[in-house]
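S.K.: For the record, the sequence lines run as chains A and B.
Following full-length UniProt numbering, the numbering of the first sequence begins with 1 at its first residue and continues without gaps.
Following full-length UniProt numbering, the numbering of the second sequence begins with 1 at its first residue and continues without gaps.
Don't read these hints as lab results, they were simulated from the structure.
These figures come from a predicted structure and were not determined experimentally.
It is possible that some hints are incorrect.
Claimed, not checked - DSBU-like cross-link-like pairs, simulated, lysine-lysine; straight-line CA separation at most 35 Å: (1) Lys11/B - Lys211/A; (2) Lys10/B - Lys323/A; (3) Lys211/A - Lys10/B; (4) Lys157/B - Lys286/A; (5) Lys154/A - Lys11/B; (6) Lys104/B - Lys33/A; (7) Lys11/B - Lys286/A; (8) Lys32/A - Lys10/B; (9) Lys11/B - Lys112/B; (10) Lys236/A - Lys85/B; (11) Lys119/B - Lys11/B; (12) Lys376/A - Lys11/B; (13) Lys323/A - Lys185/B; (14) Lys11/B - Lys323/A; (15) Lys323/A - Lys112/B; (16) Lys323/A - Lys104/B.
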Amino acid sequence: MASISSVIFYILIFLSVYVQVFFFVTFLENRKKIVIRNGKIKLAKYPAVTIVVSCWNEEKTVYKTVRSLLNLNYPKNKLKIFLIDDGSTDNTWNILRKFEKYPNIKVFHKENGGKYTALNLGLENMKSDFFGGLDADSFADPESLIRIMSFFEKDPSIMAVAPSVTINDSKNIVQRAQKAEYHMGIYFRKMLGFLGAINVTPGPLTIFRKKVFDDLGSYRHGHNTEDMEIAYRMQKNSYKIEHCNDAYVYTNTPTTIRKLYKQRLRWIYGFVNNTIDYRSVLFKKKYGNFAFFTLPMGIISVISIPYLFGRMIYSLGDFLYSKITVLNTIGFHFTIKNFNFDTFFINMQSFAFLIVLIYFLIIFSIIFGRKMTEGKWGLSLDVIYFFPIFSIIAPFWFMKAVYNTILSKKPAWR
Amino acid sequence: MIMNNNIDWKKYLIVFLITVSLFLTASYVSNYFSNQKINQLKSIQDKIAIDILSSETQFSLLSELSCKNISDSVFSGELGELGSKLEWSQQNLGATEEVSYLQKYYSLLEIKDYLLAKKISARCGVKSAFILYFYTTAENCSECERQGIVLTTLRDKYPELRVYSFDYSIELSAVKAMLKIYKIKDTELPALVLDDELLTGFHPIDELEKKVQESFKLQETKPEVTPKKILNPQIAP
């Protein structure tokens with residue numbers, strides 16, 4: 001039994017190293033293409049864009065969200081903003097109505113039907129060639145939209161452009177841990193962009209050509225991850241998704257472990273179930289790196305994270321058991337031993353080196369992700385929070401997502 | 001409009017080769033350190049072998065003269081360290097041929113040390129107690145594990161207590177001979193021999209501690225008799 005478990009262990013380590021090396025090689029290949037623009041840019045033409053803010057009980061943040069859209073460096077007559085209240089029960093609707101006086105803002109109120117229904121209402125009413133959403137808990141950087149639009153101008157084959165989503169304000173440890181993770185996410189998304197294999201077009205300010213919805217249809221429920229489902233659908237139809245690393249959107253992140261757990265459970269559940277829905281794409285040559293890298297990588301993490309965690313818990317249990325045996329056998333016999341640290345007892349098994357390597361590559365991705373967002377080299381303290389928090393809690397949302405999928409239990413939004 | 005979905009197979013292959021070479025490097029480095037550890041064990045064993053040989057020689061020389069010169073230094077202090085390192089190696093480096101060879105050598109050194117230490121203690125009345133401990137790794141023996149913990153604790157508490165542990169299933173004639181002498185059966189493990197008394201099954205710390213202290217007393221009563229013997233070279237064997 002032990003040997004089967006070690007074989008699985010080494011296969012998972014191998015695949016994890018493979019994924020990290022693949023990202024790193026992609027980085028080395030494309031590093032010169034990563035441009036970070038400072039200051040304002042100009043476009044030859046400013047096509048009309050519609051941005052939908054769908055709100056459900058977002059009274060705390062929506063005002064700032066709308067203000068950030070009004071502050072966008074983009075001609076006002078080319079930017080249409082739809083504020084859609086998806087049946088909020090708090091003060092959201094009253095806040096939205098305050099914006100009615102702006103000529104480029106239109107306010108809608110509808111029965112609660114889920115975020116995708118609000119976005120579809122926006123799609124039905126739009127008249128521009130470009131469409132985007134902005135989650136009501138996020139704020140767009142003034143230069144973000146114009147930088148995104150420059151991608152469409154440069155390459156007519158681009159169908160959607162995702163921004164760099166980073167953290168608005170990290171007040172506590174949970175948020176600081178997420179900050180490091182978002183930096184890592186930006187690096188990975190950029191690399192997936194180079195591979196043509198992005199699998200999420202995030203709710204905060206991904207801009208689409210209208211053609212995407214004309215050809216492929218409107219938003220779907222997508223297991224509560226409509227921004228993932230649409231990306232899968234685009235990949236299935238070979239519609240190009242790019243990542244604009246210097247278009248920043250600041251999002252509010254969960255402040256507690258519990259809220260973080262709920263959010264991630266929804267994301268991973270969305271990943272698992274959208275992948276099941278689009279399983280026909282897997283390992284088909286015509287779907288490119290999305291089919292051969294992104295999806296398998298996600299599947300590997302869904303398997304390996306809980307597995308490695310289980311192994312860790314087992315070792316920890318074993319360790320505790322041996323300590324308890326000692327206690328049971330001899331009681332509290334505190335004989336003061338000379339505790340000499342002997343390098344002999346350091347584990348030098350090969351997997352130890354590989355795990356260290358994986359950690360190094362992850363730390364590199366966090367450092368480079370930070371460089372892309374904050375323009376600063378170096379490691380912030382956030383990493384210290386990131387590793388323990390995510391390695392202890394992430395396995396649980398992974399396991400729960402799989403468990404819910406098996407029992408077909410749908411996780412709630414919040 | 002449609003994007004280029006060409007897959008760069010070469011890259012997949014290159015990354016595969018890089019990953020394989022990382023694996024090979026890691027296992028090479030790991031092997032290197034394992035060998036270093038084995039070498040370290042070997043050098044400790046060599047040192048112990050020399051220590052024992054030297055003690056034996058010293059003892060042969062001194063036995064004709066005086067016990068005064070018999071100091072603590074005749075006892076090799078590294079046996080315990082070697083034992084714990086060997087145990088760790090067995091668990092972490094796997095039961096390789098080299099480790100099991102070292103294990104045999106270790107058992108042999110233990111027996112030699114035991115015989116010598118016993119002789120010195122008997123003749124010179126050095127305060128000491130000896131426990132021979134037989135355990136098994138062939139099957140899951142939780143009592144052996146607990147007995148091991150008890151003995152380690154006692155040894156830490158009483159530096160004069162010398163514990164010699166032997167794997168019941170080791171393929172070594174010297175150990176087999178001891179099993180025969182003390183009539184130890186594999187159904188009665190863990191087994192202890194203390195002052196020629198065979199104790200089978202698990203024995204808690206309090207009970208053993210008492211026995212060890214008794215054994216010390218036994219040794220302390222001897223000194224008055226033995227020095228005279230030794231002081232007279234003609235009586236000494």
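S.K.: Check whether the Cα positions of Lys376/A and Lys11/B lie no farther apart than 35 Å.
M.R.: Holds, at roughly 30 Å.
S.K.: Is the hinted pair Lys119/B and Lys11/B satisfied, with a Cα-Cα distance of at most 35 Å?
M.R.: violated, 71 Å
S.K.: Sort out whether Lys112/B lies within 35 Å of Lys11/B, counting only the CA atoms.
M.R.: Roughly 61 Å separates the two Cα atoms, so the pair is violated.
S.K.: Would the pair Lys10/B and Lys323/A pass a check requiring their Cα atoms to be no farther apart than 35 Å?
M.R.: violated, 51 Å
S.K.: Can you confirm whether the C-alpha distance between Lys236/A and Lys85/B stays at or below 35 Å?
M.R.: violated, 57 Å
S.K.: Taking 35 Å as the top limit, are the C-alpha atoms of Lys323/A and Lys112/B close enough?
M.R.: The hint holds at about 33 Å.
S.K.: Hey, Lys211/A versus Lys10/B, does the alpha-carbon distance stay inside 35 Å?
M.R.: Satisfied, since the Cα-Cα distance of roughly 34 Å is no more than 35 Å.
S.K.: Holds or violated: Lys157/B with Lys286/A, Cα cutoff 35 Å?
M.R.: Roughly 71 Å between the alpha carbons, so the hint for Lys157/B and Lys286/A is violated.
S.K.: For the pair supplied as a hint, Lys154/A and Lys11/B, confirm whether the alpha-carbon distance does not exceed 35 Å.
M.R.: holds, 27 Å
S.K.: Is it true that the CA of Lys323/A sits at most 35 Å from the CA of Lys104/B?
M.R.: holds, 29 Å
S.K.: Take a quick look at whether Lys32/A and Lys10/B sit within 35 Å of each other, Cα to Cα.
M.R.: With a Cα-Cα distance of about 21 Å, the restraint between Lys32/A and Lys10/B holds, given a limit of 35 Å.
S.K.: Given the hinted pair Lys104/B and Lys33/A, is their Cα-Cα distance within 35 Å?
M.R.: Status violated; Cα separation ~62 Å.
The structure fails to meet hints 2, 4, 6, 9, 10, 11, 14 from the earlier list, while all remaining hints are met.
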